[in-house]
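Q: As a plain string of letters, each chain reads:
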Amino acid sequence: MIISPKKIIKLLVFSFLLCILFSCQEDENINIEAETIDRIVFDPESEKPLVTYLVNTKNAQSVTCNKQIRKSLDYAKIPYGKITLEEFNKNALIAPTCKVLVIYDLKPLSDCAMDNVVKFVAAGGTLFLPNTTENKRFGFLCGIKQTAEYDVTDKPQGYSFKIPYLPNFKNRSYQNRVPHFGLVRENFNNKIEVWANSFTDENFPTIIKNSIGKGKVIAFNTTQYAEKEDRGLFFSAILAGLEGVPYPVANVSTIFLDDFPSPVYDIKKENIKSEMDITQSEFYREVWWPDMAKLAEEENLIYSAYLCFDYRNLTEPPFLFKEWEASSFLIDGKQQSQPGYISRQIRKSKHELAFHGYNHVSLVEEEWPNKDFMVASLHSAQKKWKAGRYGKLPVTYVPPSNVIDSLGFAALERGMPSIKYTCSIYMGDFEDGGSREFDLEPYNNNFFNFPRITSGYVLDEAEEFNQQSLYLYTGIWTHFVHPDDVYQVAEDKNKAVAGNYEYRNKLDLGWRISKDGSPGLFPRFKEHIQQTKKEFPLMNFYSVKEGAKRTEQWRKTKYKHTAEKDFYKVSAEKKLKTEKQTWFTYISSKNESEFEEYLQQEKLNFSKIEFLKGFLYTIITEEEAEIKLPKFSSEKSSPEIKKTLQAYNNYLSDSVSFDDKREEITYFIAEGKVNKAITILKEKIKTEKDLNPEEIFELNKYLGWEERTDEIWPILEKKYLQNPSKKIVKTSKTIAKQNGYSTENLQQKWLKRQLEFDPNNVALKQEYNQLFVGSKETKLTTSEKISLFKNSEDSTLKANYFADILYSDKEKAI
Amino acid sequence: MLYISSMFIGPLRLVFFVLFIYIIKQLISFRRSNQRGLDYFITRIVMFLSVIIIVSMGLTQFNAFDLLVCLSILFGFMILVFLNLNSKIPLRFQFLKMRKRLLIYTVRNFEKHQKLVRLQNLEKKIDITKTKEDRTTAIDYMWQNILAVFIALLTFFSRFYFFNFDTFTLSDLWYQKIENITDLTQQNWFFHEGTMMGEYLVMNVYAGLTGITNTIALKSFGLIESSLLAVILFWFTYKLTSKKLIPALVTSLSFTLLYPLLPLNINLISQHKSIFLALVLGIPAIMYTLNPTSLRKDLKVYMRWMFYLFSAIFLIDLFVAIFIVFPFVLIISILNFRRDKAYLTRALGAYFAALLVVFLIHLAAAYVLNYDLIQFINSNLYSYTSYTYTPQLILPWEELVIYYQVASLACLLISILLYIKSPNRFSGSLALAVFLNIFLNSYRIKDLIVDIDLLNETSAVFIPLLFGLSLFLLFSVFEVFSFYVRWNFNLKAIISTIVISALFISFARNTIDKIPFRKNLTKEQIIEAYNEIDSKHLPYSYGVVNTQNNSVISEDSHYFISYDYFNNSYLKKDSIYAIHKESPDYFKQNPESVLPASTFVFVYDEKSKLIKNQALQNQVKNNIERLKAKGREIYVFYDGSLVKVYEIVNLPRQSNIKELLY
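Chains as they are written, first to last, in this note's numbering: chain A, 1 to 814; chain B, 1 to 662.
Hints listed in this document are in silico derivations from the structure and should not be mistaken for laboratory results. Fair warning: there could be bad hints in the mix.
Unchecked claim - Dumping the calculated SDA-like pairs for lysine to any residue here, alpha-carbon to alpha-carbon at most 25 angstroms:
| # | chain 1 | residue 1 | chain 2 | residue 2 |
| --- | --- | --- | --- | --- |
| 1 | A | K613 | A | N171 |
| 2 | B | K446 | A | S418 |
| 3 | A | K386 | B | F323 |
| 4 | B | K514 | A | K348 |
| 5 | A | K348 | B | L91 |
Please put together the full structure from these sequences, using the hints given.
A: See the structure below:
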């Protein structure tokens, strides 16, 4: 076969183009499949990860923690890699692109592997330790004193944040009611930064940061099992090591109005009865909906209202609409079904009318006689929807009580095929219908899940924690309220309605104003919305239908991370259908001005909120889903690495080093080396200008242990001669009380010194005179003797004093 | 079921009524009708129903709806038809002529010493001795009638059997329907969401005509409706297939017995369905479009009758009128336009006129009553009350429908070929095949604008037609190849009826086990007790203490007393009543203190699972005991295993009809 030169040139050009093409692909996920663990689907691992998790497959907690961290990184499209412990111990290589290394437990690491971890940190990397371990490796990395006893406590629970560890969470707390079983504060040195303490014990650090070399270690002082709720906490720690790395978020906020429209009743119930004296139907029609609609106008919100036709819990056909039609009222001269009328009003407005079920019976096997009846109920609902002119058939669905099973999904698919998005809850148990991700439904991939994170008009700290946590790594806030929340005060009669959930109005609030005069649910909710919008001015509110669609697109889009010389670039692999893309990035305070200058120069729309040791920026790029930000991280330096490695080895060996004498003394005392401690303490006292009586007493105690108490007097003598002071004399007096004087001379000397600083002390004079032949200065006058006589309670002493007075001044004695 | 007798009395009385009218008609009429056999009966039944619906609707608008008024008008109408007056000739002249004719008839009979009314008048049979053709026709009419009776009875009893699986009685839907029937007595015709009122009106008239209670009428009407429809299907196929007996039998018996192949809710199979009643009129309407002269030859009369028919269909079921009858009429009009142009234009005209009139009436009503008409129309096209649950099917419905689609397509292809060969004979088959194809293939449309459950209910009527048509086309193909065997008609009728019935029954029996429902004994006993009370006591002479749901049954019949009222106020009221019992003046001044002559108290056994609050029932029992202790006359009126009804007699011999009479 003869190949023409023309062909050879073509071949070369083609090969060259091919080389260029592959060399440009910074983060292609080749030959790596998506992974599913416990029904959670994960994006494929990246070959060039920014975050690497060292997973110990034999440790269930390490695996679970990996699951939570990996999923949060999945959402944020941050390239993630995983190394198994075995692999790492064999070949301790950390990808050069890796900026954050996560290790659950340092113990099983080989020495070589551990050295590499230390080198990684020293070179500027961030090590995240989500779990406490009581060993020296952890100790070195987390700023634990070399002499620490690794004392653990089981009392502290929750978190009290000292910095805005999550946006808007500075000096706020999160109580998860799980004991930390972490190391007590005394174990840590003073160089560490405490980012969060415990909720129940302000002296117990829960999240610490320790700088080592050019890098840092962020550690959780806890042994808690990693939960889904912790994703934000983990992600925040990781973000601290990813300064300047932008990540795409959905920027979707939605408000669900569950059980609205729904049949209403002409009954008056508390707390609306006392506040407004109107019926439930009047409240829904004339107060609740107008208030909510007005709020939507003012704050530019779009609601998704989830209608439910019946509450009689019928599970056998026919599925009629008796309750729905019975709730009628006169409007425009026509007697109309109230929920039907409101449904049509919603259809005509910007809000979405969505589906909560024919009735409030969850679509689960246990609740229905058979699947066909589930389908029949959904068919009936579908007919009513069409006949009632409620617009296009619903696209989004909230399962009643957030509970649904695989059978329910199959019924939903058949009975209401227009449904594309199901909206259960983000937390909770999977088997009960909760714990859903923003992914395809594991039971039925015809549905995409858009779960809810928070609920209610008043969000407590835990709810707000969840809101901020999820928003941090997804840019999603999904919140739901019910129109009847105000009625559900903490009373026994409401227990059945509340079910397994908390009372929805546990604070016993009114709607506009409460019984105690405090703002009701509505103004509090309004304030929360306003506050949230203030924190994130670029936040977008959508209907669930639109929000879920955008979320689905965001979830399905792949992004490419490229580190250029001076910039860090992230771009979508495909052009987005939506015109804008929102990004989050963390920038430390020191780089704030430089960064903002860049954003202004690039004419990028942005906002910021205090976060960690700097700010979390929200940036919006127009047209193309691509962002390029300046790089801030410093280069690696080998002397720093060497020095850190040395310090690490020293820490591990017995060559103990102390920060100060005090630490040294404590260490030797703890070690039982009292003589050594005495020497150091003597030295310390000697070198100090001023005498610290506590140190003298401490030394005296140690000397006492060694039966060397006599040695205390020369030290006091020396100190007195150096700087005679009342303090030293007073100290000598306490020492004398404890030990006594070793010689008479010594006693006379120190009593005399006492008298010098306290010449009017009659008792001291008397003591001195009795012991030693008194001088003129120490001789007592008759009036002093009389005073002694009067103040003395001892009869023998009294007799002696009297004899003495009689002897010197007879008249006065009489 | 102690009320079984009532279930049969209604239909039986109805049959007697029809026979009575028939005999009267035969006695006074000299002319022999052109229509014979089933043609005769079906045309008249259909017309009677149409006119009664239209007239009654009009009457409700004048608050004049009453059985007597209704029948009077109908009687007048019949006389007018009988008199056959001509609007172009002066009435005086016509009446004079009639008088003259009557006088001649009377004088002639006197002279001949003959009675004015003679049994001979009934004898209007075909003279079978005349020709062979006449003899065949006579046998044919005889078998038509015999088979119609057989089919009607078989359908009635087979549907009756399914009461064993019934979930309709005393369900939400049942209460809603009974309310609709009584609402008509209150002269309220318009705007009952999800339903046109034609069928309820027929039920109301049926109850009135036969003297049964509304509850029994509601329960038994479904049987009559199905029986009638089965006969109509037989008649329709028989006519469509040019008098082929086997396809006609297969069609009607499939409808009656082949429920493992039909998407019918087996638990509601005995329940009345407006679609069925609408098709009782709709299928003949289709036949009259296909074969116009079988109704009336006179174009004007034809159009007028078609107008009545279509109007009645609109007033019974909007879905059938719009989505079944209209497409069918349109297909026939296209196929037979050349042949029957004059009739078809009138049929279409009648349809649109009916549509316009019914629409305008409802529009005016919506305007006056300030009601959302579109909402009402929508609610009729998407019936919430219908649903599909078919565990009895041999295959899932989604699979079965594919087979039917394929079969209908095959029918269409064969029909086209046969139509080309013999257009007149196969135009009906082609029209039906085209319609079946459109109808069955509408299941494929994802966003169907019609209600799939209504479509399923209609399928239960059209799939049997598909079976019949397929068989007919198969026979016709054999005929083309001269394979057709000619049998003796009598033999054929007997053997084919027995064989088909036996085959279908044995096929259907195996699927009964799949039905997960069983009748609710408590509900049966409630109905039984109500029937006992209603049939033995004067209306509004007694009160019934029962759950709030059952207050609907009391409407237009007797006083209703809730358990709450009975437990909290009845004893007090009873004391006042007992004190002043002998002083009528007191009650004139205090009418609120009057107690009904008898009070019937329903008490449910704990096993009945009907009452959740057993404490409430215990209180009821305690109150009855207290009343007994006070010396009131109380005895157990109805003693069921799960339901007991106590009668508190406040005024002896004032409520019970027998006691009043004797």
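Q: Indicate, hint by hint, whether the structure satisfies it.
A: Verification of the hints:
1. A:K613 <-> A:N171: This hinted pair holds, its Cα atoms lying about 14 angstroms apart.
2. B:K446 <-> A:S418: holds (11 angstroms)
3. A:K386 <-> B:F323: With a Cα-Cα distance of about 17 angstroms, the restraint between K386 of chain A and F323 of chain B holds, given a limit of 25 angstroms.
4. B:K514 <-> A:K348: violated (46 angstroms)
5. A:K348 <-> B:L91: violated (61 angstroms)
Hint compliance for this structure: hints 4 and 5 are broken, all remaining hints hold.
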